[in-house]
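Protein sequences, first through last, are from chains A and B.
For what it's worth, this note's numbering labels the leading residue of the first sequence as 1, then goes sequentially.
For what it's worth, this note's numbering labels the leading residue of the second sequence as 1, then goes sequentially.
Because the hints were derived from the structure by calculation, they are not lab data.
For every residue, glycine included, the Cβ atom is placed at its ideal position computed from N, Cα and C.
Just to be clear, a hint being listed does not mean it is correct.
[Stated by the list, open to error] Ranges between beta-carbon positions, derived for each pair:
id: 1; chain 1: B; residue 1: Thr64; chain 2: A; residue 2: Thr14; range: 51 to 57 Å
id: 2; chain 1: A; residue 1: Arg263; chain 2: B; residue 2: Tyr51; range: 22 to 28 Å
id: 3; chain 1: A; residue 1: Ser6; chain 2: B; residue 2: Arg295; range: 35 to 41 Å
[Said to hold, decoys possible] Keeping only pairs whose Cα atoms sit at most 30 Å apart, straight-line, the calculated DSBU-like set for lysine-lysine is:
id: 4; chain 1: A; residue 1: Lys103; chain 2: B; residue 2: Lys254
id: 5; chain 1: B; residue 1: Lys119; chain 2: B; residue 2: Lys254
id: 6; chain 1: B; residue 1: Lys197; chain 2: A; residue 2: Lys217
id: 7; chain 1: A; residue 1: Lys181; chain 2: B; residue 2: Lys12
id: 8; chain 1: A; residue 1: Lys51; chain 2: A; residue 2: Lys130
id: 9; chain 1: B; residue 1: Lys57; chain 2: A; residue 2: Lys103
id: 10; chain 1: B; residue 1: Lys254; chain 2: B; residue 2: Lys92
id: 11; chain 1: B; residue 1: Lys158; chain 2: A; residue 2: Lys103
id: 12; chain 1: A; residue 1: Lys217; chain 2: B; residue 2: Lys226
id: 13; chain 1: B; residue 1: Lys226; chain 2: B; residue 2: Lys197
id: 14; chain 1: B; residue 1: Lys226; chain 2: A; residue 2: Lys130
id: 15; chain 1: B; residue 1: Lys119; chain 2: B; residue 2: Lys57
id: 16; chain 1: A; residue 1: Lys181; chain 2: A; residue 2: Lys103
id: 17; chain 1: B; residue 1: Lys119; chain 2: B; residue 2: Lys12
id: 18; chain 1: B; residue 1: Lys158; chain 2: A; residue 2: Lys51
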Amino acid sequence: MADRFSVRHQPGFTAIAATCFVLLYFPIVVLVVYAFNAATSTSAWGGLSLKWFVSAWNNDAVIEASIRSLQIGAVAAVLSTAVATMAALATTRTPPYPGLTFKYAAINQPLMVPEIVTGVALLIFFSRIKIFTGYTGLGYLIAAHTAFCIPFAYLPIRARLETMDLTLERAAADLYATPWKTFRRVTLPLLWPAILAGLMLAFVISLDDVVITEFVKSGGQDTLPTYMLGQIRRGITPEINAISTVFLLLSVAIVTLFFFMSRKRE
Amino acid sequence: MSAAERLREHEKRDIRNRWLLSAPALLIILFAATGPLLIVLAYSFLTPGQYGDVEWKLSGEAWTSVFLERDIFDDTLSLADAHVTIFWRSVKLALMTTAATLILGFPTAYFIATRPENKRDLWLFLITIPFWTNLLIRTFAVLQIIRNEGIFNTVLIKLGIVDAPLQILFTDTAIMLGMVYVYLPLMVLPIYASMEKLDFRLLEAGYDLYATRFAVLRRIIFPLVKPGVIAGSILVFIPAIGSYVAPSVLGGGKNMMLANLIELQFGQGRNWPLGAALSIAVMVIVMIALLLYVRNAGTAETRHG
C-alpha cells in the first residue's frame, strides 16, 4: 500500500502546505498566549495572569474606541446590506440590459482601489465638506465604511439570488399577491440566510478597517484598530495582546457562525 | 395598445425599477468611494497651501516632484533619490511578496484540492479564518515573533545558532514577512478555486505517457490552474503595493513604502498636491497590473477553455 503510485502526489507539496498552516496560526497563538502573561515586559514569561485584560477593561480610551467601532460597524453593516440587497435584486435574474455591466463594475470598484488611495480621496473630499457644513461627527466614517462594505455584502446575496429562479414569485403573482407582498412573503424568506451572511461579512470588514479610518477620522474619533495602531507605534505592552485576543475571539466567532450557516444551507 | 407594445412598455418599466433599486448603492459608492478619486486627480494639479490643503492655482509642480527635486538655491531639477528609493522598494517588496505567497500558496491549494471532498471545506475554513481576522492584529503578531526579544531570536540564541539577536524588525525583510503572512490566504483561495475543477484523470494520462512528476506539474497542472494563479497574484499585488499597515508597524519609520510617503504629505509634509499625485501614481501601477491580468486571463481562457 505504501509503495502504491499515487497520481496526485507531488514531492514536497504536503510539507509546504503543512508549514503554511503552522505558520498561519503560530503567530496568532503566541500573541494570545502572551496576553495571559503576568510580566510587565512583553519579552519574558512571568506566569499566568488576567491582569492585562483587567487593565484593558479599565482603560477608558479602549472602551470608548471599542464602542465607537461597534457603533460604526453596526450602522455601516445594516446600511450596506440593505442597499446591497436592493442592488442584488436589481442586477440578477434578468436578461442583460443597458447599464448592467456598469453596475457590476461600479459596485465592485471599491475592491479595485488600494485602501490608501481611497483614504486620501476621502480625506480631501470630506475636509472640504467639513469646511462648508461645519459638521464633524461620525457621519463621515459611517459613509466611508458603508461604501467599502457594499461589495462584500453584495457578494453572498447575489450568489444566492443566482441560484433562485422566478417560478415561486410568478406563482405568488398569479395568486394576486402584490409585488411588495411577494417580496416579503416569498423572496425575503428565501434570501434571508444570504442577507445575514452579507450582514456579518460587512460587519467584520468594517471592524477590521485601519487605513481608511485613519485618514477619515477627525480628532477624538479613534476606532479600536486606529487606537491600537497608535499604541503599537508608541511601544508595546501586553495590554495590546489582551485587546487583540478579545477582538480575535469576536471575529472568529462571527466567521465560524457564517461557515456553519452556509454549510447547513447546502 | 398591442400585446407587443405592452410587453415593451413592461420591459421598460422593469429596467427603470431596476435602476431605482440599485440607485442607493451606486450613489453611496459614488459619494464615498469613486467620486472622490476624481477630486484627487484635480488636487494633484493645484498649489499646496501654507497650512495644508491647497490654493486654487493650477500647477504641475506636484507631478514634477513625484520623481524630481528642485534645488532650493539655484532652482535646478535633479532626481529625487528619496522618492525613487521608496517607489523601487514598494514595487520590489510587492513583487517579492507575490512570488513568495505563490511559492507557499500553490502547494497549499494543491494539498487542499487533493483532500477527500468532505474534508476540503474544513481545510479551506482554516485558510479563511486568518483572512477574516484583523489585519493590524496579524501584523502585530508577526512583530512579536520577529523582534529582537521575540520567540524567533530567543530560540536561535538558546540553540546557539547566533550570539546576538538578528535585527529583522525595522528592515525590508520584516515588511515582506508581514505582507506574506497577511496576504497568503488571498493567493490560496483563487488557486484553489481553479484547482477544484482540475480533472485528475489528465494527470493519469500524463503518467501513462511516461511524464515525470515535474513534467506533469509544469505541463498539465500549472497551465490548467493558470487563471487562478494570475487572479491570486493580482489580489496579493494590489494591496501589497499600497500597503500601509505592514511598513508602519514593521518598517519603523525609516523603511517607508508609498503609502507612508503619501501619508507624510498630508501630515508634516503639508503638500497635499504631491500626496494626491503620488496616490494617482499608485492607482496607475494598479491599473497596469489589472490590464495585464485581463489580457492574460483572456488568453488563458481561449487556450484552454
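Problem set entry | Index of numbered hints that the structure contradicts, given in increasing order | Hints 2, 4, 5, 6, 8, 9, 11, 12, 14, 15, 17 not satisfied by this model.
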